[in-house]
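1 is the number of the first residue of the sequence shown in UniProt numbering; add one for each residue after it.
Careful, some of the hints might be misleading.
[What the hints assert, rightly or not] Distance ranges between label pairs, derived from CB positions:
(1) Ile70 <-> Cys30: 43 to 53 Å
(2) Ser42 <-> Met66: 32 to 42 Å
(3) Pro103 <-> Ala131: 20 to 30 Å
(4) Lys72 <-> Ala104: 20 to 30 Å
(5) Pro98 <-> Phe67: 48 to 58 Å
(6) Phe65 <-> Arg105: 51 to 61 Å
(7) Pro111 <-> Gln90: 42 to 52 Å
(8) Gln80 <-> Phe59: 54 to 64 Å
In short, the hints are calculated from the structure, not lab data.
We treat Cβ as the ideally placed atom computed from N, Cα and C, and that holds for glycine.
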Amino acid sequence: MAVNSGPAVSPLGRRLLIAATCVVSLLLCCGLAWWQWDRFTSANGTFQNLGYVLQWPLFGLFPAFMFWRIKKLREREETQGESAEAQAEQAAVTVPAPRVSTPARPPAPRPVAEEDDELAAYNRYLRELNARDQQA
């Protein structure tokens with residue numbers, strides 16, 4: 001089922017719409033930067049206003065950056081898709097070599113450790129304590 005995303009826009013119309021959005025955004029934000037400059041140079045202006053003077057043009061450039069970034073990501077996806085198709089075609093042409101399986105080794109026997117006299121005495125003590133707790 002196809003989803004209707006609105007009226008179709010030609011590639012030229014889409015480019016003009018993107019360019020217009022970027023220009024309007026930049027002009028609006030430069031206007032706001034000018035307004036903040038006027039506030040900074042007034043008698044009660046602060047350095048916060050100066051910070052906004054520097055920030056607003058960056059905000060205005062952000063839509064242009066995002067459209068550029070989306071375009072680059074789409075181009076990268078297309079080239080990766082083409083390379084994946086080429087790899088799939090190459091894999092279909094080449095015949096993989098037969099796999100030679102080696103038998104699994106049995107686990108090595110565990111070494112028998114001699115029980116230490118001190119450890120044996122401690123374990124007997126623990127068993128006695130456990131037995132007392134079970135009786136109580």
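Going down the list of hints, with the structure as the test:
no.	hint	in the structure
1	Ile70 <-> Cys30: 43 to 53 Å	violated, 23 Å
2	Ser42 <-> Met66: 32 to 42 Å	holds, 34 Å
3	Pro103 <-> Ala131: 20 to 30 Å	violated, 48 Å
4	Lys72 <-> Ala104: 20 to 30 Å	violated, 49 Å
5	Pro98 <-> Phe67: 48 to 58 Å	holds, 52 Å
6	Phe65 <-> Arg105: 51 to 61 Å	holds, 58 Å
7	Pro111 <-> Gln90: 42 to 52 Å	holds, 51 Å
8	Gln80 <-> Phe59: 54 to 64 Å	violated, 32 Å
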